[in-house]
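All chains, full assembly: derive it from the sequences and hints.
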Amino acid sequence: MVGSPSNAASPVAVEFQSISKNFGEHPVLNKVSFQAFQGEVLALMGENGAGKSTLMRILAGVYPTETYSGHFSIHGKLCKFSGVPAARACGIAMIHQELGLFPDLSVAENLLLEELSRQNWALGLHISWKEVFNKAQGFLDELGFSVDARALISELATGKRQLVEIARALRTNATVLVFDEPTSALTENEVQKLFEILKKLKSQQKTVFYVSHRMEEIYKTADRVVVLRDGSVAGVDKIQNINTNHIINWMVGREVSNVYPRRKVVEGFEQSTVLKASQLNLLKEKKVILKNISFEVKKGEIFGIGGLMGSGRSELALTLFGFFGKKSPYSRNMHVSGKIFFEGSELSRPGKATKYPERKRDVDVTKYPERKRDVDVTKYPERKRDVDATKYNETLWESPHQALLSKVALLTEDRKNTGLFLNRPAYENMTVTVLKKLVYKKSNWIKKNHEKQLVAGLAKDLKIHGPGLDVEVGLYSGGNQQKVALSKCLAIKPRLLILDEPTRGVDIGAKLEIYEILQELTKNGVSILLISSEMPELLGMSDRVLVLRQGEVSQIFEKSKNQDFHPEEIMRAASL
Amino acid sequence: MRKYFSIFIFLGAVLLVGLLTEGEFFSARNLTNLTRQVCINGILSLGMTYVIITAGIDLSVGSVVALSGIVAALLQTQGGELFQGYFGALLSFSSAVGVGFLCGLFNGAFIVQTKVVPFIITLGLMVIARGLALIFSNGAAVAPLAEEFNFFGQGYFDKTFSIALVCVATFLGIFFNFRTHRNIFVLVAILIVGGVFVYAFGGYRGAPVPVLIFGVLALLSHFFLKNTVWGRYVVATGSNAEAAFLSGVPVAGITLAVYTWMGALSGLSGAILSARLNGALPTAGDLFELDAIAAVVIGGTRLSGGVGSIGGSVLGAFLIGVLNNGMSLLNITEFYQKVIKGVIIILAVWLDTKGRKK
Chain A
1 MVGSPSNAAS
11 PVAVEFQSIS
21 KNFGEHPVLN
31 KVSFQAFQGE
41 VLALMGENGA
51 GKSTLMRILA
61 GVYPTETYSG
71 HFSIHGKLCK
81 FSGVPAARAC
91 GIAMIHQELG
101 LFPDLSVAEN
111 LLLEELSRQN
121 WALGLHISWK
131 EVFNKAQGFL
141 DELGFSVDAR
151 ALISELATGK
161 RQLVEIARAL
171 RTNATVLVFD
181 EPTSALTENE
191 VQKLFEILKK
201 LKSQQKTVFY
211 VSHRMEEIYK
221 TADRVVVLRD
231 GSVAGVDKIQ
241 NINTNHIINW
251 MVGREVSNVY
261 PRRKVVEGFE
271 QSTVLKASQL
281 NLLKEKKVIL
291 KNISFEVKKG
301 EIFGIGGLMG
311 SGRSELALTL
321 FGFFGKKSPY
331 SRNMHVSGKI
341 FFEGSELSRP
351 GKATKYPERK
361 RDVDVTKYPE
371 RKRDVDVTKY
381 PERKRDVDAT
391 KYNETLWESP
401 HQALLSKVAL
411 LTEDRKNTGL
421 FLNRPAYENM
431 TVTVLKKLVY
441 KKSNWIKKNH
451 EKQLVAGLAK
461 DLKIHGPGLD
471 VEVGLYSGGN
481 QQKVALSKCL
491 AIKPRLLILD
501 EPTRGVDIGA
511 KLEIYEILQE
521 LTKNGVSILL
531 ISSEMPELLG
541 MSDRVLVLRQ
551 GEVSQIFEKS
561 KNQDFHPEEI
571 MRAASL
Chain B
1 MRKYFSIFIF
11 LGAVLLVGLL
21 TEGEFFSARN
31 LTNLTRQVCI
41 NGILSLGMTY
51 VIITAGIDLS
61 VGSVVALSGI
71 VAALLQTQGG
81 ELFQGYFGAL
91 LSFSSAVGVG
101 FLCGLFNGAF
111 IVQTKVVPFI
121 ITLGLMVIAR
131 GLALIFSNGA
141 AVAPLAEEFN
151 FFGQGYFDKT
161 FSIALVCVAT
171 FLGIFFNFRT
181 HRNIFVLVAI
191 LIVGGVFVYA
201 FGGYRGAPVP
211 VLIFGVLALL
221 SHFFLKNTVW
231 GRYVVATGSN
241 AEAAFLSGVP
251 VAGITLAVYT
261 WMGALSGLSG
271 AILSARLNGA
281 LPTAGDLFEL
291 DAIAAVVIGG
301 TRLSGGVGSI
311 GGSVLGAFLI
321 GVLNNGMSLL
331 NITEFYQKVI
341 KGVIIILAVW
351 LDTKGRKK
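Quick note, the sequences are listed as chains A and B, same order.
To convert, note that position 244 of the first sequence is 244 in our numbering; the numbers rise steadily by one, no gaps.
To convert, note that position 331 of the second sequence is 331 in our numbering; the numbers rise steadily by one, no gaps.
What the hints contain is simulated information worked out from the structure, not anything from laboratory work.
This list has only true hints and no planted wrong ones.
Below, computed lysine-lysine pairings styled on DSS-like, alpha-carbon distance capped at 30 Å:
| # | chain 1 | residue 1 | chain 2 | residue 2 |
| --- | --- | --- | --- | --- |
| 1 | B | LYS226 | B | LYS354 |
| 2 | A | LYS441 | B | LYS226 |
| 3 | A | LYS200 | A | LYS238 |
| 4 | A | LYS326 | A | LYS276 |
| 5 | B | LYS115 | A | LYS287 |
| 6 | A | LYS463 | A | LYS452 |
| 7 | B | LYS226 | A | LYS447 |
| 8 | A | LYS463 | B | LYS226 |
| 9 | A | LYS442 | B | LYS226 |
| 10 | B | LYS226 | A | LYS452 |
| 11 | B | LYS226 | A | LYS448 |
| 12 | A | LYS80 | B | LYS354 |
| 13 | A | LYS21 | B | LYS354 |
| 14 | A | LYS21 | A | LYS238 |
| 15 | B | LYS115 | A | LYS416 |
| 16 | B | LYS354 | A | LYS416 |
| 17 | B | LYS338 | B | LYS354 |
| 18 | B | LYS115 | A | LYS436 |
| 19 | B | LYS115 | A | LYS284 |
| 20 | A | LYS326 | B | LYS115 |
| 21 | A | LYS436 | B | LYS226 |
| 22 | A | LYS460 | B | LYS226 |
| 23 | B | LYS115 | A | LYS286 |
| 24 | A | LYS327 | A | LYS339 |
| 25 | A | LYS416 | B | LYS226 |
| 26 | B | LYS115 | A | LYS327 |
| 27 | B | LYS226 | A | LYS327 |
Below, the structure written as structure tokens:
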């Protein structure tokens, strides 16, 4: 499928011809062919794992010629890159999602590294640092990026680093530029600057590949859209001819009517409080991170937590989960005070949660009642309750281990660093939280068959599609990695699920699936604490929203009967 | 196939050594000796595998071997009545293990408590333990030891008993392979290994005592790592300590246990070494830690943690053993042996990583 030129006069800049590539036996790209023209911004979209990044890496020489089949040409010239330098020499620059800067060098050095090394270094021993900094600062100012050229990269926030990365790519005078999710860490203001730069690049007859999940951006910047699905081109068209539904259909291959499932708290649930936090404080050395946080979470409710970056959202989640508790090695210099009531006695009777068989149906560790009976993951609700309901009724959990025992699970914000064991198989990741329940009676010996069934059930319920459950999870696509991380939480059959940015870096298909899973969970009485910086997600999913501002509760919003939240009010509460 | 790349390296080395020694290498006597030479480094590499899987390192191994060997020998020579006879030998032997256990506990406790990297803590203990060994022994050899004690290092089990044991182990291996992977390659390997052991032990004097200890420990370590909750926790800790902690894994406890286990195995090796040499030297065990690390790394365990196997480490230990043994048979002087061994360690790991990537 090859799209028609946006402008019959503009020549073809890049042409892919039936590019195919496998990772092991897992095909990632399957005969991808399309063209990109000079002077256009071509949006490349698709779910995670659809092959966008792989295709762009082939273009940028990260994967050399012999690792894929098919070929591509730039300005009519067949390209066979042996590596990144060859691609760069050919005028291709890529801004990576994962940043490739030197953290211990200054911004200026990172920007001008190649120019510095190209100088005759024997004579250039006396580098004029003043000149270097001025040159770099000038270039940054020209682009309109407010970044200090003298700062070290490691001192910069992620957004600023992203700007430096973009500036470095622009510095190379490339004719083909690849932006791989450039805006994920940028502020609104910086995004606007980036869009201006894209316009300028277009007017200079350069070709821009723009990989993004954000629809609004695509409409603002792109001339044409190419959508990949399962490694093949699912659709190509001019932006004027299509709308969001087209794109989503191409991406997921089916109709999508409503992104956020319309949901209601099940009747009767709203009377019982699952978690009550009162006067939570968190100090790091003398610095106040959380101050006097009090709130309640009802059974079967999605309780949203909003706020700007640095408002203490993630810290609140970690505090609730016992990460800064007495028994945690991460609690140094941290001081937590306050109280947490979890299914506290005066709020709901501890025995009440026995209506579990209901819930089991969908998350479903228990589809094998026969076998289970004697070894028995299912006996647990019973046994567990009298241990912790009494023990942890009115206290802070001292470690995540205790929180997990009380059936509270946390999905962390950063799945790569704090969520997953990337070099271990998916199945080990999924069962690590429940291993103790998968053993032969009172021994330490894992029942492998039992584990396999549990994993297969979870994979089916969460629709995890990876190269195989015994393949290391680092090789999974982002969306599926996230589902593996989520399945680790669901394996314990939580009563309270704390989700910190559950859909970050997840494509729309997987996102929808995650939303559906969350809805199912709440129907069965699981409460969810949802932290999200995506406003539509937060407002679309939550029943109530607590807005944090500089570590304090700014306001708690309630969704009234026939009225949705007002995004403006929430923004005001977060930033005032 | 690439998973078994190091096996081919190993077989290549065996074949080469066999050819160069004109078959002398393959005599039952030499093979029996080979297994006995391997077992000290083998036992150490079992512990080291666990340590390295948690992304740690233990440099104190060699010194702890010396210290515990000295303690066992001192108890034997100066311990009085209590340490005489079979019971006394067993008591001295266990004391050495106990000393190693305490050393490991020291390592583990300091690593968990101070959060100083294992490299530094164990480097410290390496020096401390060596010093203690010299202090206790006054810098001199402690010898001779009782025959009952030396049995742990020099003794042999009865031929029929040894062969029966090897057969049972082989059948168990086949049985487990059949129940789980059903991997033909592994099946053939088990049969060949079983056959070689039957030939070696049957053709000479039976199975050496330390080899049996090593074999039992290797099997235990393997199944523990693969099949138990704690084994899984060890791997999780090494793969991503913070994620492990957030998943309810007792990271501190696991770290402590792993170093203590390493220490106990070092103590055991020290006792076996003393028993084999009929005496203990305060300078014994020099650079044993490096041989153990080499065996583990040759076996495919990653220094970055989270990935590794006992089987690989045993293979690595045997590869190093075959080299040592072959070069001695060929009368290569020790100075050259060191150079060749170093080169081959680099080659083996390099070829292995290359083979894996393909």
